[in-house]
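Participant: Listed here are the chains, written in short residue letters.
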Amino acid sequence: MYYGLTADNLATILVDGSVIFLLIGVIMVTGIMRKRGREDDRLFFLLLLMSIALAAFDIIAYLADERTFSGARIINLGAITAFYITFIVFFMVWLHYSLVRFTKTKKSEIKKHRGVFAPGMIMVLLLIVNLKSEWFFSVDEQDIYHHEKCYIVMFLVAAFYMVMTILPIARYHDGSDKKALIPIWIYIMPLVAGMLIHYYLGGISFTATGCAFSVLFTHMGSASEIVIRDVEGGESR
Amino acid sequence: MSAGGLVSIYSNVVSILLLVGMIALVQKAKIEDPVEKQIFLILLWVDLWMSVFYIIVSIRDEKLLPFSHMGALVLETVIEILINAFVLGWFIYTDYRLFHSKDHLHRNVKSYIILGVIISIMDVVNIFTEFLIYFDEDLVYHETSLYVVLDIIRLGYCVASLVLLERHKRHEKRMKFFSVRSFFIPMTIYILLYYFTPFATVCLGIGIGLALIYVQMINEQCYQDMETGFYNRLYLSYLRSQIKQEKVEVSSAILFELSSDDIEKVSELIAAQLPQDCDTIRYGKKSIVTLAHVKDKSPLHMLAEDVKLSFEEAGEEIAVKYRLKKKKETGAEFLDRFLEKI
Chain Y
1 MYYGLTADNL
11 ATILVDGSVI
21 FLLIGVIMVT
31 GIMRKRGRED
41 DRLFFLLLLM
51 SIALAAFDII
61 AYLADERTFS
71 GARIINLGAI
81 TAFYITFIVF
91 FMVWLHYSLV
101 RFTKTKKSEI
111 KKHRGVFAPG
121 MIMVLLLIVN
131 LKSEWFFSVD
141 EQDIYHHEKC
151 YIVMFLVAAF
161 YMVMTILPIA
171 RYHDGSDKKA
181 LIPIWIYIMP
191 LVAGMLIHYY
201 LGGISFTATG
211 CAFSVLFTHM
221 GSASEIVIRD
231 VEGGESR
Chain F
1 MSAGGLVSIY
11 SNVVSILLLV
21 GMIALVQKAK
31 IEDPVEKQIF
41 LILLWVDLWM
51 SVFYIIVSIR
61 DEKLLPFSHM
71 GALVLETVIE
81 ILINAFVLGW
91 FIYTDYRLFH
101 SKDHLHRNVK
111 SYIILGVIIS
121 IMDVVNIFTE
131 FLIYFDEDLV
141 YHETSLYVVL
151 DIIRLGYCVA
161 SLVLLERHKR
171 HEKRMKFFSV
181 RSFFIPMTIY
191 ILLYYFTPFA
201 TVCLGIGIGL
211 ALIYVQMINE
221 QCYQDMETGF
231 YNRLYLSYLR
241 SQIKQEKVEV
251 SSAILFELSS
261 DDIEKVSELI
271 AAQLPQDCDT
281 IRYGKKSIVT
291 LAHVKDKSPL
301 HMLAEDVKLS
311 FEEAGEEIAV
321 KYRLKKKKET
331 GAEFLDRFLE
341 KI
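Protein sequences appear in the order of chains Y and F.
Sequential numbering from 1 applies to the first sequence in my numbering.
Sequential numbering from 1 applies to the second sequence in my numbering.
Everything hinted at is true.
Quick list of simulated restraints, FRET-style, between CB atoms:
#1 Q27(F) with A118(Y): 36 to 42 Å
#2 M28(Y) with L75(F): 34 to 40 Å
#3 H142(F) with F69(Y): 36 to 42 Å
Per the computed footprint, the stretches of chain Y lying under chain F, defined by three or more beta-carbons under 8 Å from a beta-carbon of chain F, are:
#4 10 to 24
#5 207 to 219
FYI, nobody ran anything at the bench for these hints, they're computed from the structure.
Each residue gets a CB set at the ideal place from its N, CA and C atoms; glycine is no exception.
When you get a sec, could you build the whole thing from the sequences and use the hints?
Facilitator: Below, the structure is given as structure tokens:
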């Protein structure tokens, strides 16, 4: 025990803290891009904020986990619920971002297919209901977190959005430039790793870190592709 | 497993994931300068190997695997040499980032690496003499009082790179977005964390610092003219919108019309004279515009004269046009009037 925290909890808190630190740095240095007023830049900023929120909720949950102070269970349950809601919304925003950024889908077209966001919205409502019903997870009287029988459903919804993100991008590139898809696989990897570690090793949470790295790699991968040159003084993209 | 061991392993695993992703992306990225890309990649690889070896050290400290006395010493020596390589690589990166010159680097590299090589040789000799670090019978790590020499030299490299950055600010033409100084913030925080706690999280701190530098590097590329290193016209569009919204003030402007075909050389001449509080944009094939945001008109007027003088000394030709914002007009009106005449 270290300051009343288990080693697992301490490790997660420190790494989540590092993630918040990294993302705040990224927000500061990408300020100039947001001023371009483009929708994908705004969505990228939203994803950064959501990743910070995920890490912050994770820290709160792990700080309150297995503690005996009054209100610890309520804080733990509230933080975990907020974490999973943000996690689902993160995937929905991510799908929107990918469509705008990689496939240049217009807002009107996205609006036509808004049904695709229904599973996420339903999942968010179910997570609120879960505070009473405990279908997905629970926190017992000893303030210990448990997975419940429907736990996997949250990850299936997340996986659905991941597939929905990859499909249009793969179709858009149409096999003509397979190298252009490399960043997409690089940003998928931390998400999948984070979700698997979270699912199988409840003790250590890697989801917030995985989400943050995915956002960061997506930006690094795609921004370096969009080289805006001004060779010979002409403005071109 | 102890909290220190678990935190160290977990943070280094996270560091490895961050660095592997970055290495894959940097290798694929279209970075304008291949030398800069290469040095940056080396820094990433060194940090990656440091993370790997820190995990092995944590496993040794937790006694999860049996290690011989010699094995522990060799492992520690590898980490020490990697740390030396990183601080040296960082200093070289700073130098190249400032001067963008292979010749400059070749001329100075021997003097840069000499101390790094000496402390690395000391680390290797330590395997046989244990005059810097040693392990007791329980394989617990200890440092002798001489170890401080290594720390001082490593710190010296970091301080020297900061001094270099400070002394040659002017070579950083695009100071608005990019500053390698930002790297020192996470690195310092995580080194302090390492000194005051049992958590070996330094590699994660370095990884975060490198990630921030890389994000800045690619952002900057969007607003940068590849040939001159000044801003491009996309930046001018952004700047114009800022001036229209009165978020940025513009007081005067200079147009440099170049005759030379060696744009890189003449842009260096202009860059060497630029004050910090102005924006320089490549406007056309042979025209460069500098906008001043200061209210005092004298510095930019002097700048025009200084640039003319330096061109005369270099035997190059340049035409300089200088305009001041009128009292009644707004910044946006002044900028439009100035650009219309080009």
